[in-house]
Structure formats: C-alpha cells, structure tokens
Amino acid sequence: MKQTREVNLTLASSSTFSPRIDVADATATCNRDMFSGRITVAGKEKTMSTVTAGQALAKVLERWGVDHVYGIPADSINNVVEGLWKERDGIRFIQVRHEEAGALAAAADAKLNGTIGVAFASAGPGSVHMLNGLYDAKMDNVPVLALVGQVTTRFQNTHFFQELSEVPIFSDVAVYNRQVANAEQIPSVIEDAIKAAYTKRGVAVVILPEDLTGTQIEYAESKTPLTSRAQVSYALDQHELDMASEAIAKAERPVLWIGQGMSGKSDSVMKFAEHFHMPVISTAPGTGIVPQLWPNYMGTRGRLGDKPAFEASQLADLILFAGTNYPFGRFMPHDKTIIQVNTNPSDIGNQLEASIAFVADGAQVLDELAKRSGNDKARAFEKAARLNRHNWLMWLDKLADDDSHGLAAESVIREIARNASDRAIFSLDVGNNTAWSLRQLPFEGDQHFTMSPWYGTMGYAVPAGLSAAVSHPDRDVWTISGDGGFAMVNQEILTEVRYKLPVVNVVLENKAFGFIRHEQIKGKLGLYGTDLEGADWAGMARSFGAIGLTATDNASLKSAFAKIREYRDAGDMRPIVLDAKLPYIDPIDTSFIPLDEKKFGAGAADGFRKLYNLDDEPTLADLMDDEA
Numbered sequence: 001m002k003q004t005r006e007v008n009l010t011l012a013s014s015s016t017f018s019p020r021i022d023v024a025d026a027t028a029t030c031n032r033d034m035f036s037g038r039i040t041v042a043g044k045e046k047t048m049s050t051v052t053a054g055q056a057l058a059k060v061l062e063r064w065g066v067d068h069v070y071g072i073p074a075d076s077i078n079n080v081v082e083g084l085w086k087e088r089d090g091i092r093f094i095q096v097r098h099e100e101a102g103a104l105a106a107a108a109d110a111k112l113n114g115t116i117g118v119a120f121a122s123a124g125p126g127s128v129h130m131l132n133g134l135y136d137a138k139m140d141n142v143p144v145l146a147l148v149g150q151v152t153t154r155f156q157n158t159h160f161f162q163e164l165s166e167v168p169i170f171s172d173v174a175v176y177n178r179q180v181a182n183a184e185q186i187p188s189v190i191e192d193a194i195k196a197a198y199t200k201r202g203v204a205v206v207i208l209p210e211d212l213t214g215t216q217i218e219y220a221e222s223k224t225p226l227t228s229r230a231q232v233s234y235a236l237d238q239h240e241l242d243m244a245s246e247a248i249a250k251a252e253r254p255v256l257w258i259g260q261g262m263s264g265k266s267d268s269v270m271k272f273a274e275h276f277h278m279p280v281i282s283t284a285p286g287t288g289i290v291p292q293l294w295p296n297y298m299g300t301r302g303r304l305g306d307k308p309a310f311e312a313s314q315l316a317d318l319i320l321f322a323g324t325n326y327p328f329g330r331f332m333p334h335d336k337t338i339i340q341v342n343t344n345p346s347d348i349g350n351q352l353e354a355s356i357a358f359v360a361d362g363a364q365v366l367d368e369l370a371k372r373s374g375n376d377k378a379r380a381f382e383k384a385a386r387l388n389r390h391n392w393l394m395w396l397d398k399l400a401d402d403d404s405h406g407l408a409a410e411s412v413i414r415e416i417a418r419n420a421s422d423r424a425i426f427s428l429d430v431g432n433n434t435a436w437s438l439r440q441l442p443f444e445g446d447q448h449f450t451m452s453p454w455y456g457t458m459g460y461a462v463p464a465g466l467s468a469a470v471s472h473p474d475r476d477v478w479t480i481s482g483d484g485g486f487a488m489v490n491q492e493i494l495t496e497v498r499y500k501l502p503v504v505n506v507v508l509e510n511k512a513f514g515f516i517r518h519e520q521i522k523g524k525l526g527l528y529g530t531d532l533e534g535a536d537w538a539g540m541a542r543s544f545g546a547i548g549l550t551a552t553d554n555a556s557l558k559s560a561f562a563k564i565r566e567y568r569d570a571g572d573m574r575p576i577v578l579d580a581k582l583p584y585i586d587p588i589d590t591s592f593i594p595l596d597e598k599k600f601g602a603g604a605a606d607g608f609r610k611l612y613n614l615d616d617e618p619t620l621a622d623l624m625d626d627e628a
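For the sequence shown, counting from 1, position 142 maps to 142 in my numbering; every step adds exactly one.
Possibly wrong hints are sitting among the right ones.
Claimed, not checked - With a straight-line cut-off of 16 Å between C-alpha atoms, the simulated EDC-like cross-links for lysine to aspartate or glutamate are:
hint, residue 1, residue 2
1, 371, 572
2, 377, 625
3, 271, 367
Keep in mind the hints are simulated off the structure, nothing from the lab.
Since the structure is predicted, the reported quantities are computational estimates derived from the model, not experimental observations.
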C-alpha cells in the first residue's frame with residue numbers, strides 16, 4: 001500500500017519560498033511506468049541469505065527498479081558480472097562494444113524513462129571511456145549510476161596493471177563518488193549512491209575492488225521505503241502575480257518561452273498562451289512539449305532554430321521564461337520586460353536580468369495567471385506570428401521537394417516524419433542533423449525524443465537509440481546522425497543486431513563536420529580539417545548483419561522507405577541503416593536573421609536572402625505592418 005509523508009521546508013532567506021514535498025514511500029519489487037518517472041513498489045518479506053557482494057549489488061539494483069545495465073566484462077569487474085548472471089531473471093545485461101556507448105545509453109535511459117540508468121566498466125581504460133557518457137548525464141541533470149572496477153585490495157598502491165587512483169578521475173562529474181572499503185558495505189553504498197543520484201539529479205560513482213565483490217556476505221533486502229520521488233508545490237507571492245499579470249496585460253508583443261521544466265505540462269502552456277494571445281518558443285530540448293503544428297508554436301531560437309522564433313523573440317516587448325535556463329539569452333536585445341519562472345533559485349537571472357521572478361513550478365504560475373484577464377492588445381502580433389510560422393513550414397517543404405542539386409536533408413526528415421508511428425521515439429545526434437530534425441519532426445501524439453543538449457556530444461544518437469529500443473520494445477525507434485557522429489559509434493549497430501533491436505538508423509552523409517564547417521565559413525576561416533572521407537554505411541550495416549539501404553535522390557529515398565515499411569510489416573527484427581547521401585548544403589543559420597531592412601539595412605537583408613534562397617519570404621515585421 002502506498003503511503004504519503006508530508007515534509008515542510010522553510011528557508012530563512014526567503015519568506016515566499018515555502019515548498020511542500022509529498023514523498024511516496026514503498027518497498028521491495030519495483031516497476032517502471034513508461035516516461036512517467038514514477039516507481040511503484042509491492043511490499044514483500046525478505047529473509048537473510050548468503051551471497052557474493054556482487055550478487056547483493058544486483059539485488060539492490062532490482063529493488064530500485066533497474067531491469068537492465070550496460071557494460072563490457074573485464075577482470076576487475078568480473079564478480080559484478082557474475083552477480084548479474086545470478087540475477088539474470090530479473091535484470092538484463094546489455095553488452096555494448098564501447099564503454100562510452102554504455103554510459104550514453106544509461107544517460108538516455110534516465111532522460112527517456114525518468115528512472116536511473118546504470119552502466120559498468122573495468123578499472124583503468126574502461127572507466128576512463130565512460131566519462132563522456134557520464135558528463136552528458138551530469139550536464140542534463142539526470143540520475144546515472146556508474147559501477148567502476150578496481151584492482152584487488154592487496155595489489156592497490158603497488159603499481160599494478162591497470163591500477164589508477166579512480167576517485168579523483170570522477171570527482172568533477174559525480175554528485176556521489178566512493179570506493180567501498182569492505183564487502184559487507186557494498187549493498188548499503190549502492191543504496192546511498194542511487195539515492196544521491198536521484199535527489200541530486202546527477203551521476204553516482206561506486207568503485208568496486210574485484211576481491212570485495214567476490215566475497216560472500218550475509219544479505220537481507222532493506223525494508224526502508226524507497227524515497228526517490230518528490231512532488232513540490234510552492235506558495236506563490238500574490239504581489240508578484242499581480243505585477244506579472246499587469247505587465248502581460250500592457251504588452252503588445254508578449255512571448256512565452258518554455259524549456260524542459262515544462263515537460264508534461266502542455267495543457268497549462270497552451271491554455272495560458274491562447275488566453276494572452278502569446279506566441280510560444282521552446283528551447284531545443286523543450287521541443288515537443290507542445291505540438292509542432294499548434295498555431296501558436298514558433299519553434300526554437302538559435303542556430304538550431306526557426307525563423308519565426310527568432311523574429312518573434314526579436315520583436316517581443318515582454319518574454320516570460322518558464323522552466324528554462326536558456327544559455328543564449330544573454331545575446332538577446334535587452335529592451336524587453338523579462339519574467340522568469342524556475343524551480344531552481346540559482347537559475348533566476350543568471351543568463352539575463354529578470355524584472356519579475358518566481359521560484360516556483362512553471363505550470364503552477366501559468367495556471368494562476370490564466371485565471372486573470374487576457375490581453376487583446378496582443379491579437380495582431382499573435383495573428384502575424386502564426387502566419388509567419390505557416391510560411392516557414394511551407395518554405396521547408398519546398399526545400400524538401402527540390403532534389404535538382406542532390407538529395408535534401410529536409411526531404412529525408414520529412415520522410416521520417418511521414419513513416420514514424422504516433423508512438424515513435426527519436427534519438428538525435430549533435431550537429432546540423434539536430435537542426436533539420438527539430439525543425440521538421442512532428443513530436444505529436446505520444447512521440448518522444450532524446451538528445452544531448454547541454455553537453456552536446458557527437459555520437460549520442462545510436463547509443464540512445466539502443467537504450468530506447470531496450471526499454472520500449474513496443475515502440476518504433478529512429479536515430480538520426482551525421483556521418484561524423486555516426487562514425488564514432490557505428491560499432492553499436494552490432495549491439496542492435498545481437499539483441500534484435502529493430503532501430504532505424506538514418507545517416508545524413510554530407511562528408512563534412514557540417515556544424516563546424518559553417519563556423520569556418522561564417523568566420524572567414526580556412527575550410528581545414530572539416531572534410532570527411534565518405535563511406536558505404538549501408539554496406540557496413542550489411543556486413544554487421546543489419547539491413548543496409550542507400551538514398552541519393554527523392555525517388556530512391558521513397559523506395560528506401562517503402563523497403564523499411566516492408567521489413568517492419570514482416571516483423572524483421574534486424575536494425576536498419578539508411579545511408580542518405582547529401583550534397584554539402586549549409587542549413588539556414590537562424591541565430592541571427594537580418595531580413596528586417598528597417599533594422600539591418602537593405603544590403604544585409606538582400607545578402608541573407610540570396611545566401612539561403614529565401615526569395616520573397618516576408619518577415620514578421622512585414623506581416624505586422626499588414627495587420628496594422
């Protein structure tokens with residue numbers, strides 16, 4: 001039976017910050033609810049048993065709802081692997097081909113499921129390989145447990161093979177970082193590590209000398225309730241609400257800007273925005289919180305973004321930031337009223353100064369403000385912004401139709417959108433492929449996506465895709481990579497083959513580190529070191545035991561997707577690699593769009609139009625003039 005304990009917190013420094021935390025307690029066997037981040041537990045009596053510490057470790061993971069882990073066996077982690085083998089009926093070991101991929105997959109587990117991801121590695125090189133994936137988890141504030149092997153205690157401090165001082169290695173990446181001192185404490189240390197990863201939203205590292213994990217210990221499952229989840233409610237300051245409501249009512253061009261903190265709160269966002277006639281912009285990782293085709297959604301601002309979002313935020317006289325610490329806010333014009341809502345007090349005002357601020361849940365604030373009078377002054381701005389978004393989507397569609405210079409990336413993403421189910425999971429790599437994907441994928445219905453937004457590591461998509469396929473075998477999974485990122489992790493196609501994970505891996509191959517080449521072009525630097533050797537990625541896939549397809553124009557692209565549908569309809573469990581061969585074409589840079597001649601001059605506007613074939617696309621300012 002689920003019990004509820006209420007805890008009241010008070011902070012002496014703030015009379016308005018008085019959160020109430022309701023913690024759901026439960027014990028024993030755990031089950032994970034898909035994408036909800038909730039753990040439900042049915043209580044059972046446990047008796048003392050004699051097991052190895054490695055097996056006890058696996059039992060603790062099971063208690064916390066972990067049903068799979070990633071890693072590579074090695075001599076310093078063998079007893080942990082043995083413990084996983086003994087508990088194989090309750091916890092699955094996914095053998096990856098590189099420890100970095102295992103750690104990235106664990107981070108993706110946490111992002112997609114809301115529950116802790118787990119990966120392990122050997123002492124020395126294996127542990128160092130994990131760091132890239134662990135930093136991705138750290139930067140995105142998601143819970144991951146890293147189990148790190150260490151040489152046996154009698155060989156430590158003797159200059160032994162692969163012996164490293166591992167605690168310092170993980171000191172920056174981890175919120176919890178311990179080497180166990182004896183076998184008996186291993187279960188309790190793992191419990192502590194998991195609690196720390198959840199409560200501090202980060203990476204917990206446990207270093208395990210090999211002889212200790214192989215030692216027999218007396219183990220009984222803890223009866224202490226699991227307390228990894230908390231829902232926080234905040235007392236809102238009525239004076240601040242009045243100020244915010246008055247500022248919004250006076251604004252003629254207000255914008256709502258949402259981030260990951262508003263995930264799962266689309267109803268509040270849409271009701272608020274429509275009530276106050278506000279266009280909505282999201283951060284890149286906040287894409288999909290509201291439907292892409294909802295009329296008030298403008299897309300994202302930034303290099304990975306959309307023209308309507310740039311222009312709406314540029315013209316705005318008021319912006320309400322909810323659930324985001326948008327890092328590029330510092331580059332925006334400072335001629336706007338800024339309202340900021342965030343649950344983390346340290347995020348308030350650290351990117352740009354806020355006139356009005358709430359340390360509170362974003363939906364809580366939006367719901368309260370939506371009860372107040374609307375803002376008819378903003379109707380013309382909202383109408384023009386909606387038309388601007390419509391024009392932008394039509395322009396992207398026109399790019400997709402044109403393969404006269406070779407296959408367009410926009411065409412590939414459009415076909416993915418057309419063929420993905422309403423329960424699809426998309427895994428995005430880092431680079432130009434991210435921009436193309438965020439601009440055109442629908443993210444509607446029960447679709448979800450994952451990316452590496454803050455750390456921005458290339459090679460994220462394929463490990464995250466296998467994570468999605470392991471956790472959600474009933475969903476179709478699509479990974480989208482550039483050829484640069486795919487080359488870093490393509491060995492994990494073998495992992496997908498081994499475990500019969502029917503992921504569709506799309507490679508946008510333009511033979512360049514395109515995101516960096518754009519910076520070289522923009523900075524008038526030499527185009528040096530950004531060209532890539534081409535490869536037959538479809539042939540590689542076939543040699544791995546996967547299905548390999550190639551597309552070079554719209555006709556062959558449609559043919560490739562017809563084959564994908566055919567394989568899926570037949571229940572073929574092999575992964576697919578689609579090698580989409582593109583010419584190098586720079587996607588439009590939306591971090592700065594100098595199309596408004598009144599602000600930026602006719603020369604800048606004309607040059608930008610010619611650079612990206614924008615023809616006579618009207619600006620938001622033009623559309624506003626038409627509304628006047």
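Hints, verified against the model:
1. A C-alpha spacing of about 52 Å is found between residue 371 and residue 572, which places the hinted pair above 16 Å, so the restraint is violated.
2. Annotation: proposed proximity of residue 377 to residue 625 holds, straight-line Cα distance about 15 Å (limit 16 Å).
3. Note on residue 271 and residue 367: the hinted pairing holds, with a Cα-Cα distance of about 8 Å set against a maximum of 16 Å.
The earlier numbered hint that this structure contradicts is number 1, and it is the only one.
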